[in-house]
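J.: Read off the chains here:
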Amino acid sequence: MKLDYLDQLESEAIHIMREVAGQFERPALLFSGGKDSITLVHLALKAFRPGKFPFPLVHIDTGHNFQEALDYRDNLAERIGEKLIVRYVEDTIREKKLKEPTGRNATRNGLQTFTLLDAIEEFEFDACIGGARRDEEKARAKERVFSVRDEFGSWDPKRQRPELWNLYNGRIHKGENVRVFPISNWTELDVWNYIRREKIQLPSIYFAHDRELLIRDGKLMATAGGVIKVEADDQLVTRRVRFRTVGDISCTAASESTAETLDAVIDEIQATRISERGETRMDDQLSEAAMEDRKKGGYF
Amino acid sequence: MDLLRFITAGSVDDGKSTLIGRLLYDSKSILADQLEAIERASKSRDDGEIDLALLTDGLRSEREQGITIDVAYRYFQTPARKFIIVDAPGHTQYTRNMVTGASNCQLAIVLVDARHGVAEQTRRHSLIASLLGIPHIVVAVNKMDLVGYSQDVFSDICIHYAELAQKLNVKHVTYIPMSALNGDNVVDRSESMPWYDGQTLLEHLETVEIDDDANLEQGRFPVQYVIRPQTPELHDYRGYAGKITSGQFRKGDSITVFPSGETSTIDAIEIAETHLDEAFTPMSVVLHLATDVDISRGDLIVRSDNQPLSSQTVKAMLCWMDSKEFKVGNKYVLQVGTFRTRCSVREIAYQLNVNTYEQIEGVEQLRLNDLAKVVLRTAQPISFDPYTTNRASGGAILIDETSNVTVGALMLVGEA
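Protein sequence lines, in the order shown, are assigned to chains A and B. Per full-length UniProt numbering, the very first residue in the first sequence carries number 1; after that it's consecutive. Per full-length UniProt numbering, the very first residue in the second sequence carries number 1; after that it's consecutive.
Read the hints as simulated data drawn from the structure, not as lab findings. Idealized CB from N, CA, C, for every residue including glycine. Hints may contain errors.
Claimed, not checked - Quick partial rundown of chain B residues pointing at chain A, CB under 10 angstroms, derived from the structure:
no. : residue
1   : MET321
2   : ALA349
3   : TYR350
4   : ASN353
5   : TYR357
6   : VAL405
Unchecked claim - Far from chain A, by Cβ distances over 10 angstroms, these chain B residues were calculated:
no. : residue
7   : ASP70
8   : ALA72
9   : ARG228
10  : ASP267
11  : LYS315
12  : VAL328
13  : ARG346
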């Protein structure tokens, strides 16, 4: 009697979600409409059906999303009949008079942290489930499954709680919260293989389609919705692409691809020599410790 | 495909990071952009060569000091198996991190520097691997290039380690001579050590038998959460959600609930609303019982034909993980499975010297990273199995009631 590795990972993730349900008063599931958080929702269905989710889905919307992901988000919440809360970075910028980054590769991605921390305070969330994976980035590789954050949402890698066996300690003081990562031990390929096995629907931008893009610093950036300011020396092209991650438009690059099916996408990912974040995320490449520094600042 | 979780332990200069880097590099698990990033970083450091260790040190302060501070997890796969590498720091002051990392592993790689042989750290890491019940140990005799690839040096270390292993509860030990720096016997066979005819490290990792490590005897199901939709159609639905941490359950099995001692029969087993006739560890499932029993989070459902111990006074091996001292009379929260109760410290039977394995009696208090045998009194009876027979139901943690931090790892031994 032996479980296949995908079943083992699934079982571990369900166990972690149920620990959240059992240990916290007011948890939330952070949902962006990307493949990792879509996988989380699928796991939550497995963990809690036929009951309701013991948490709402919460989207921190930078206002710079792909329309396909937003449509998917709204349809999914309606289809499964669970509560969706959306908080807008736009509102935080206005209310708090935040200064938006300017310049050539400006992104609102970093400002998400402010909106997230405000939402945590507004709803008194004591745990936020997120779809981060340890294989994404070297600072993430250090993070616990239950990651305790102080009242500023700050991660202190030197003060992490020991995490033993499958015992998770979610005891916190009021004002603190825990970021919980049920798919910590999954790799990008595991997520795709799971999506294929479970026949999970994804937003169409994950599959090859023709799109107008501009080439910037060697990366293919979407021009959708005018989020990225096209400058005089930018080269506009139309290419057949798909997205390997779906984040904020301003810092998520497309990959040239002809993969129209899950099988084809998985074949491409198995053959690639470039990591997911290396290929698509502009914001991780700002410095050697970019992710670590953002997490210390409260980023999820 | 199956999954192997293994930990790498070794002291600061034994070349642990280089070994992991080599394993990932030679098994082609490093992608081009990650390699470029460490090439850039190696250059800016003026090291000349690519420093494979840079792959594993994820934190700013680790890169600054060139040492590993906390456990990191890395992933790779070959056509044979998927692997989770638990990369634990080697410093004495990070014993607790090694314990954290070792708790879920089926195999430990203990690095030994061929020039120095079995060292204090080797003894400490082996003791922790043994206490945490890791069934497979690989003694990786590294830096063979610095001892002229000498078979005699390797043989001496094997003999020395075998003596040490006799004092420990270690089931399977494998010895591999290697040079992580040059890639000898990590993934590719060494041409410099024709006298070694065993497996390379990767071959061993791919083929080591781990099936028989699972405990299928003791059916244990800590209840995490009760699913009660309370809708008109599902008015009477009451499912107990949890993970089978050991053993197996079948429809129709007689079960006993701890701590109440009430009994019932399994009516249905569900995974995501699909009914199963049987389920086994480590499946996360929903159980339905034939009769109405008062069950909530923290209860333990077991098969009636194999029951755990239940007691308010327990003996345990403890790894103390906090900077505040552990003393007789102190109170903590103890968590075993999903059950939490308060406990107080009755006795420190002895402290274990991690380097000599000597038992030190008359110890008044424990400090960060100390290992000891202790006796605890719990507010309510806890249900458990001895750790040596069941890692899932014999492992417990201590939580500080005021800081909420996890301060101790307990390997439960038995009733006191």
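J.: State the violated hints by number, sorted upward, taking the hints as numbered earlier in the document.
T.: 2, 3, 4, 5, 7, 8, 9
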